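Enquirer: Here's the letter readout for the chains.
Protein chains: 2
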Amino acid sequence: MKKLMNAPADFVDEMLDGLTAAYPASFVRDGESRRVIRRAEGARQGKVGVVSGGGSGHLPLFTGYVGKGLLDSCSIGNVFEGPTVDSCIEAIKLADGGKGVLRLYGNYGGDRMNFDMAGEFLEDEIKTTTVLGTDDIASAGPNEMGKRRGVAGIIYAYKAAGAKAEDGASLEAVTEIAQRTVDATRTIGVALNPCLVPGAAQPSFTIGEDEIEMGMGIHGEPGIWRDKLKPADEVADEMVKRLLDDAPKGRGSRVSVLVNSLGATPLEELLIVYRRVASQLSAAGTQIVLPLVGHYATSMEMAGLSISLCFLDEEIEALLRKPAESPFWRVA
Amino acid sequence: MKKLMNAPADFVDEMLDGLTAAYPASFVRDGESRRVIRRAEGARQGKVGVVSGGGSGHLPLFTGYVGKGLLDSCSIGNVFEGPTVDSCIEAIKLADGGKGVLRLYGNYGGDRMNFDMAGEFLEDEIKTTTVLGTDDIASAGPNEMGKRRGVAGIIYAYKAAGAKAEDGASLEAVTEIAQRTVDATRTIGVALNPCLVPGAAQPSFTIGEDEIEMGMGIHGEPGIWRDKLKPADEVADEMVKRLLDDAPKGRGSRVSVLVNSLGATPLEELLIVYRRVASQLSAAGTQIVLPLVGHYATSMEMAGLSISLCFLDEEIEALLRKPAESPFWRVA
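Residue numbers (full-length UniProt numbering), protein chains in the order written: chain A, 1 to 332; chain B, 1 to 332.
Isolated chain A (complex conformation) (with noise of 0.2 Å):
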């Protein structure tokens, strides 16, 4: 594992600062604690914000999301570590329009505690609400949805909720559409390769020359199995299955599909995965709108995919079909 990068503890500060001049119409830094993104036309008055957050690492998540129609403020922290409280605070704060906002992050116990403190913090000045991604299937039970962490998926409560705010909606009714919109996704992945956390003496994980594994969180936490390799067709085709297996009650029969690389796996093979979702999906009487296929959520250089599935009604697909202002976020 090779990285093309100066000393690790300027990494993500770096990193941050590239982001910022290659984008300078998308993303501006900000904060005391430097480790806001903000959207460079600062918060809209009047208009419920919607703020995310969580470590770095995994670009374009979380960061790229911040634009119009999506989310408007982000705290960044270290790699694979949640943002501090005190980024956090900035972040709710440049936000704030004055009509609340939703604090919408992954499931994971050093982002949940860090916002929360941030949320407290601020419960005199502004009005806050949390909704948690929690679209990965393998990570828990049924039985368990609240233990389940997030991973891409999360992108599709971005999209309803930012788009849900940029039309006016009040918190209570944006917090709804983003609660709604993780209800309704579901992710699993597989991972063939780690990732190296700057400065890090080990990968991530290890894993043999020829093994894969099914349902390996995105810092390399367990998954159900590992084995060895097998084709793209039979990886696809259980993940599908697991993928409706899961799938809400009541569910339409239109989804919107993500086949997200997490680092290393090249478009041609999410394009040749991709192709056995569509039609293991169309013979289970599913019609893919808004696929998405590309790098939407990674872990650096880590190798495998993982595939979402976000079950539409007709107002998500709506807000999904709204024009959204991020280089990130893009729909065939």
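Worth flagging that the hints you see were computed from the coordinates, not collected in a lab.
Since we're looking at a predicted model, the values are computed, not measured.
Hints are not guaranteed to be accurate.
It does not matter which identical chain is meant; a pair holds if it fits inside one copy or across any two.
Distance condition first, Cα-Cα at most 27 Å in a straight line; then the derived BS3-like pairs of lysine-lysine [said to hold, decoys possible]:
1) Lys249 x Lys147
2) Lys230 x Lys241
3) Lys68 x Lys47
4) Lys2 x Lys241
5) Lys241 x Lys47
6) Lys47 x Lys99
7) Lys241 x Lys228
8) Lys68 x Lys322
Since chain A is already given, all that's left is putting chain B on it; use the hints.
Expert: Relative to the frame of chain A, chain B by itself:
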């Protein structure tokens, strides 16, 4: 090296099936060879056609740049192999709108031979011209520009020629702007780890666990030097210096910069490098417009990146700024 794929012999066809399934509004597979991707809406009568092609394994190059204001069609070879003569003939025919067709592709022997034969085969039927991508400054010296290979920088010529053709220009004018854009573009790459051609017994090259190679080609062609891995800033400084030392005479002060992942190198590292490139160019009195940072021309899971500079004149900049319809042409 592990791949999520099925039979190696099906890699390219399954990838193309995935591409057209994911982006049906953009890409259609066509030709008896089934190895042509053309615009969904077909060739426009009265417009000059712009055709490219090459080996697979470089997505989104070449196929992903088919779209309005870019390429009309693309012939597709096996991984790292040139497209067949038949697929080149079909691609040219499918791009023909009665005003002639520009063949615009990278300077590699196999691609050249087959595109030349296709042009000869069609010479009584369709007027064609040729422009070769020759942006890789590490592949031959400044006195042998014609021997240089084409790499990521060719996308600037796609964009300029495609926009000019869309404006209704003649074949001569489209050819001239393509050549002028190639002449204004310089690229250099660094490789950290190899990729694996599907079905091959060994990776495309071997490199030590702590080594980097400057100037390596996108198929693993030997570079300028190999050494211990260095800090990103040091690597970026050398790359920028080499690019500026090789800049066209009489260049202006405005450039577009492309920091392109060869595959496994994540966005975090691209941004760290971009930050340094931007600061070095600024120190050299050069103004960056239209920066591109991401996966634009890859070698599957190869680790490393390339930096391209396109030295702008007024017309090239105006053409780069025109809208283009491809899911993969993205300006910050």
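Enquirer: Decide, hint by hint, whether the structure agrees.
Expert: Hint check results:
1. In this assembly of identical chains, the alpha carbons of Lys249 and Lys147 lie at most 27 Å apart only when taken from the same copy (19 Å versus 62 Å across copies).
2. For a Cα distance limit of 27 Å, the shortest separation of Lys230 from Lys241 inside one copy, 16 Å, qualifies, whereas the shortest one across copies, 45 Å, does not.
3. Taking the shortest alpha-carbon separations for Lys68 and Lys47, only the intra-copy value of 11 Å comes in at or below 27 Å, while the best inter-copy value is 36 Å.
4. Taking identical chains as interchangeable, the C-alpha atoms of Lys2 and Lys241 lie at most 27 Å apart only when they sit on different chains, with a minimum of 23 Å there against 36 Å within one chain.
5. Neither within a single protomer nor between protomers do Lys241 and Lys47 lie at most 27 Å apart by alpha-carbon distance, with minima of 40 Å and 47 Å respectively.
6. Taking CA atoms no more than 27 Å apart as the test, Lys47 paired with Lys99 passes inside one copy only; the shortest distance there is 6 Å, against 52 Å between copies.
7. Taking CA atoms no more than 27 Å apart as the test, Lys241 paired with Lys228 passes inside one copy only; the shortest distance there is 20 Å, against 46 Å between copies.
8. Proximity of Lys68 and Lys322 under a CA criterion of 27 Å is satisfied in both settings, with 11 Å inside one chain copy and 22 Å between copies.
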